[in-house]
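Enquirer: Sequences and hints are given; from them, build the entire structure.
Protein chains in written order, with the working numbering: chain R, 43 to 357; chain A, 6 to 347; chain D, 105 to 773; chain U, 197 to 558; chain W, 234 to 422.
Any given hint might turn out to be false.
Listed below are the simulated DSS-like cross-link pairs for lysine-lysine, each with C-alpha atoms no more than 30 Å apart in a straight line [to be verified]:
| hint | chain 1 | residue 1 | chain 2 | residue 2 |
| --- | --- | --- | --- | --- |
| 1 | A | 221 | D | 593 |
| 2 | A | 328 | D | 409 |
| 3 | D | 370 | D | 491 |
| 4 | D | 414 | A | 320 |
| 5 | R | 91 | U | 486 |
| 6 | A | 221 | D | 500 |
Heads up, incomplete: computed chain W residues facing chain D, CB under 10 Å, no partners named [stated by the list, open to error]:
| hint | residue |
| --- | --- |
| 7 | 272 |
| 8 | 315 |
| 9 | 316 |
No lab work stands behind these hints, which were simulated from the structure alone. Just so you know, these numbers come straight off a predicted model, no measurement behind them. Glycine included, every Cβ here is placed at the ideal spot set by N, Cα and C.
So the chains spell out like this:
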Amino acid sequence: MNKLEEQIQEKAIELLEKGEVSAVIGWGQGWNPTKATPLFARDRKTAEKLIFNPFCFNNLSVYLPRLNEKVAILTKPCEARSIVALLAEGKINRENIYIIGLACQGIVDIGKLEAAIGSINEATEARLEADSVVVEIDGEAKKAAFADVVLDNCLSCNQQDKTYCDVMIGEPAQVPTGKARLIVPEDADATWWRTFWAKEFDRCIRCYACREACPACYCRDNCAVQSLRERWVGPRLDAKEALMFHALRAMHVAGRCIECGACERACPMDIPLTLLHRQVGDAVRRLFNFNVGEKADIRPPLEFFLKEELEKSGR
Amino acid sequence: MKTYAYYPGCSLEASSREYDTSVRAVFNKIGIELKEVPDWSCCGSSQAHKIDGDMAAAIAGRNLALASSIGDIIAPCASCSMSLKEAQIELEHDGPIRRVLVEAGYEYLPGSVSVLSAVEAAYQAVESGLFEGKISSPLLGLKVASYYGCLLVRPPKIAQFDDPENPVSMDRIMEMAGAKPVEWSHKVDCCGNAYILVDRNMTLNLVSNILNAAVKADADVIAAACPLCMQNLAERQAQMQQRYGLKRKIPVVYFTQLIGAAMGLDNRMLGLKDDLLKLIDIRRQEEIAAREAGRKAKEAEERAKEARRKAAAEKEKAAKEAKEKESTEKESSGTKEAGEAG
Amino acid sequence: MARVGVFICHCGSNIAGKVDVEAVARESASIPGVAYSSHNKYSCSEAGQKTIIDAIKENRLDRVVIGACSPKMHENTFRNTIRQAGLNPYMLEIANLREHVSWVTEDRDAATRKALDLVRSAVGKVAFAKPLTPGKVPVEKRALIIGGGIAGIQAALDIAGMGYEVVLVEREPSIGGRMAQLDKTFPTLDCSACILSPRMVDVAQNPNIRLLSYSEVESVGGYVGNFDVVIRKKARYVNESKCTGCLECVSKCPVRKIPNEFENGKAMRRAIYVPFAQSVPKVPVIDKNHCQYLLSPDPSTIEVKEGERKPRRRCGACKIVCGQDAIDFEQQDEFIKEKFGAIVLATGFNPFDHSKYGEYGAGRIPDVITALDFERMVNSSGPTEGKILRPSNGEKPQRVVFIQCVGSRDEAKGVPYCSRICCMFTAKQAILTREKLPDAEVFVFYMDIRAAGKGYEEFVRRAQMEYGAEYIRGRVSRVYESDGRLIVKAADTLAGLPVEMEADLVVLATGSVAREDAFELASAIGITTDSYGFISEVHPKLKPVEIPREGVFACGACLSPRDIPDTVATAGAVAAKVGILFSKDFLESDPMVAEIDPFKCAACGACVAVCPYSAITMEEFRGKKFAKVNEAMCQGCGTCTAACRPGAAQLKGQTDEQILRSVEAVLQW
Amino acid sequence: MAAKIISSDNLQTWIDKLTATCEVYAPSQGKEVSLFKQVKEGDKPALNILTDIPPKGLIFKQVEKILSYRKNEDGIEIKQAEIEPGRKVIFGIRPCDARSFTLTDKVFVHSDMPETHYAKRRQQTALITLACNDACRTCFCTSVGGSPAEKVGDVWMMDLGGRYLVEALTPVGEEIIRANDDLFSKSSPEDEAESLRIAERVASKMPVLEIASAKLLDELFTNEEFWIRLSEKCLSCGACTFLCPTCYCFDVRDQGNANSGDRYRGWDSCMFYQYNRAAGGHNPREQHWKRMRQRMLHKFSYFVTQYGDIDCVGCGRCIRSCPVSYDLRDFLATSAVAVAGVDMDFVGELPSEGQPRTCDIK
Amino acid sequence: MRGYSMKVSGQLRSINTHLKREIEKLSGQKLDACYLCGKCSAGCPVAPYQDIAPHVVMRLAQLGHKSVLESKMIWNCVSCGTCVTRCPNNVDPAKVCEALSRISKREGLVNSKVALALREKFVDLIKNRGRVHELTLVIQLKMASGDWFSDLDVGIPMFLQGRLPISGHRIKDLKNFKKLFEGNKEGNK
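Expert: Written as structure tokens, this is what we have:
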């Protein structure tokens, strides 16, 4: 157990025992050292199982809208913006949430890691050593430079010192530098993108894991895509229909998506969805000069209308 | 040092050389480098487009293409700047003219240059403070009628500069040079262009209207910014006096010549006539004297005012003291009454 | 399976002339779901309606598509028709074969094909229609009138005359509006004040009218019959109930050099003032931007060192002289919340700002004045006490030139419309000039004379023939000063002569423009404006005073430029409309409103944020939050349905499903 | 037929020969995911992996057209969709996956109302099973009635290192072997013994999970607290069901209009809200914990009651691919304790803790 | 000040839409946008010295009346832009005059030979040298007008001051420059 985890557990136990919250949402150890799993700590015993390491990839704010109790939530700096975005939309009540910000040194991208050292399903131990990730598989320690296997999002992290939280645990770490997982050619035009997405979405099995893992996709059960009446997405399983679903989702989360990449990490088919959302996000930033998750008192830009925007559009 | 492409135009090579030299001298002095557009050709002026609009745009566009490697263009001649501006608007979209240019081996990149008249460029320089500290001998007291003519500000959709009915940029420039711009009625009236050769009577009438208006406004000098205006206004004043009732001759110069004079530049580059240089001196002396007198009068008035103020204050003080005395007496009697009632 | 009946109307030759209606009726029969189809010469006629009713009964039809004219025209007619046949009136869809097809299509075959497509689309849509029932809402029988000009005054008096309560809100310290600024009125040359003042007094004395002057409407919520309005009563700093209107305070105010808005800035007023002599209410207002007392710092907020005296407020002369102790510097803006059943907009117009006319000096030449300046000048209570004088030197002008169409019929200046009143007021002003200055010459430059109105043409002719105003046809190109006089450059286009004329006074007949600042509440009230900013009516001919938000009406020049008779007429019309509304105790609400499926609602609140009528609120039921539409407030605009991501918000009668089916029906063939 | 031996080299030849006569599907490692892909002559299948995606979809298609309809003059014409003809072989299928088909067969084939598309395709397809030489971290087939060397399918094989022990289990299997008899040699008793040893070793690597009886689990139905806590972190997506070899729920949807269109059958997931939504909007499993309960009880209780088997083969894919790393074994362990009436502190504990960790299947 | 002589010959029988459309195409102006208020004529500096006023040019153009092609006004417009600046309907009468003069030349109805010479000589000069040589232009126009003696009081001093140099510049790249004159021959027929 590292020092950070000690502090986390201490804080969680304090909150629980004082009765300030009924649960602390954090991460626990999953079935494999490289797999953290969300953990709802409701007492001292479970709170002692809380962990935090570079494998805690889940965005926990996805649970907040469906809870009706006062909870504490552990959050990485970047994903705190999800909470802000939910607050902005009035989906959650600030009084019901105690936000524990965690200093984060970067989260491992399992895809990058497996590309570097092979399958890690059978890992027996995983740890960070200096600047590299060490995974022990079958008694053999496999190493990969941390910067090479860190999530793309972490490479451009600028949230370290402005985490939206009630309490911050740990010291801000240095932002790793490394290469993006997928480099879009500079001259990528519509045709390139069309071909690219046609190939990627061909894999989609429409399990909707992306949607369910997304904090902005809180419609969940009522998602327009699965509407029984108006069939926005047809029954066939092909890239076209999948694109319709993903494009519809991208439009629906436009201006609300923090581009955390939870959808991409949830995808059992490894479809690079963050790319899609980043593109839509860029458009939102450009058109509305709006950064999602920055302010809790402004509704998402596509949900209201300013007269100046009409004037700007020249109509 | 900021660099502009410089497009002199045909007249500045010949009949209006002093405009050319004064523009170069003035801009050089304020730290703007003018790079002559290599192998420039005529802009087409107001005649070419009457024959064929596309051809006119093409020959003007050639100059834009040649300038695009240097940067924004300064074209001192109003007619040139207008022709180039018009062509530039045409060239911003992909059309037949751009194709003709390409076929002849000239390429214009949309948005690569913008065209400025000398007035526009000088006005921008004034706005950004480039003239600060550069005016060594201000043209104090000199009453200047700024004459814009047609093409500096018209048609407004193409000129995109100043108010087409009451432009003020040249007046501001003249103020900066220490001169006194006069309000007058014919700032933007047409001088007849090159039509002196076509319809003399008409042009002379137009010119006389302008000159008479300037004289009526009691201007010392007319500042112009166009070689054609200059020729029309300056060269036929003797005829005007004879036939069109012009009361007196009035010097007409390029506005850059006046700025140059205010900056103390060598008159060999400015080409101002001795009469005008003398007039400038005379006006300056008069103005300095007038200002001195004004200052003294003001000081005297201030002193008188101060004295009045002091007297009034003393009077008020006395009155107040008297009142306070009265009220304290009243108060004390009031307390007494209250005490008794208690 | 639905049993749809399709009825194609010839509309005489309106539709049948371009569309093969028989073919459309024949082909329609094969559209899935269609159980019956026919065509008829005039479906809206009594006989035509009877055919429809009979066909419905005979063929057991349960929904109907009518291919005819615009639903704007006859949707209600046909709803009643099918109601008579025993169907729910909303099981109807109209395919607009006239405006959308026959009137706009040249080719007969193409028109027929398009007509059939529209019928298919309507069938596709109506197949998913559901019976709808209107709701009932009570009516609050009080009217709010915004704007106290002649329009607002007239509407207030008329509505109050019917026995209903009226609140009249005026942003200025006095009612009266533009009409109060005028000297005489055309074509009768009545004194404007003489006919207006009695009405203003009536307003003040009418027990059914509550006048809130110096007040503005802050927000409007609610819906027809039940508007919730917040009115800001701006601090007047004078207690209205104590003030007797003696105006002693005004005469003692030392701040004297404030341009008087009522005099168009051409005379001065004080910091405490009434706008004009006949002001109603005759209670002065302190202008907090100029009052020395209010501008000087509040001593209680100033910290001073020990031993130093606190500075005192400056002035306060008005408070000292007021015998009634009516001056109250502590007054604050007051917010009044009221409920109303109807709202009347009577916000008037603004004169065109002639600074856009550089060729006429753009306001820099003192002797070039506007028509409103002239009205005040020629008025005996105006700045020159009724004398026509040159502002530059106070001398009588020898020649007065009027220029018409300044800020009218000028697309380049953004006002392509005709302001309608300028021809007439120019003639009036020409007459007044000749009356007051018999020696002066009067010239009027015009483009066309538009004198349609009772006695109007005669009035203009009188100006020319009796009063000797010289009319010259041609737009003035330029006005400039020369040697202390004005030079007017124009052309007499009829004679073909250039005109260069000296003048002493030029009066610009400035047109009317919309008062856009009056509608900061626009979206809340539901106002839509035309491209010039004038309020759009629902229908220029048939609903000239209704605006798209139900229960809100407009009259006077806020709708478009108009003269006093028209303004008064529309005010009367509005009163009648309000009367009709108030004659019922309950209103039927349009059932084609939004509804939110609580099962589908994700409670994101996007609909609440976008609803322009604040008709949606968040509710909670058994721990689940969801959005709910107040059907009476909903105007059926559909904004929420567009914002709703899970598709929970649906417009009844226009559900996503219906729209998709109708689109699909067009696309499948 | 007695067991035979085939060398590794001949195995490849065998696959190549099979491709000549029928469609052969075998595991393949793609860049992003591993799955069963059709093998062309010369392709080397990735026999050492448990694919990310089960072979379920080869027989029970994720989406398939079942009929088309078209309105014409005579009325409505309905055309049943044809099943692609030709024999298929799924080569190198793991015993757990092979076993999943026998479970699904109970529903779709051996029932009063057979599912024709599935049944027909199943009949066309031969399974050549490859027993496991190793167990994954997520494997638990032994706890649900299977075994790493279970003899299931038409042909059974086991890698003995450089050579494979092969045994035909059905007449179809015999035919497959007979067709290429020359590639096989006779096996020795030692080979059989070796295979048993390997099976024993692999089985011992897996956790032994106690699974409560169907009846007891059913009684747990009313223990809402248990289900709520259990499903707290579940996102209610369909990844587990779509990657489960035994999940067979489907939905039928039309695409088209009143005049013509197609009817499709596609996988559905009981984890989806819409799965349970009834006409009129009522939803008996509106909360996701109820759906989780349905999934678990269906697999471990209802199916057992109805068909006698647990509807889970222990492949562990649901664990591997879960976006929140939910471990099905947690449910098995905790439910076992819960039915015993113990309090619920244990939820979230990992039953496999302390079990031997294993590596890639070699 | 003189009046416009308004000498318009002919009679109006119908509207020559062909000519009207050609004017619209060549000038790029919508003729019917003009409502003949006369503001262009009122402001035009040269109109008082011409035969018909600009608004009459506009009216005749609206009618497609051929007489307009014979007018002097269309030749003597100096393109000062006053009309378009003040036009309430954003119409540019100067462009209409320009279009009319081109048609006028084609139809052989030129009223002002000197104005024609001015523009043609001017363009010829550019075409041959790339730049304008003022002295050559003046001499050529003097030849066209036959008015040799006015302005000698202006010209001679200028010449003596060297402001009208005898030789002028020729641009270097004349070969490509000339292509600009040919390139568009088709477009402007």
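Enquirer: Which hints from the list above does the structure break, by number from lowest to highest?
Expert: none
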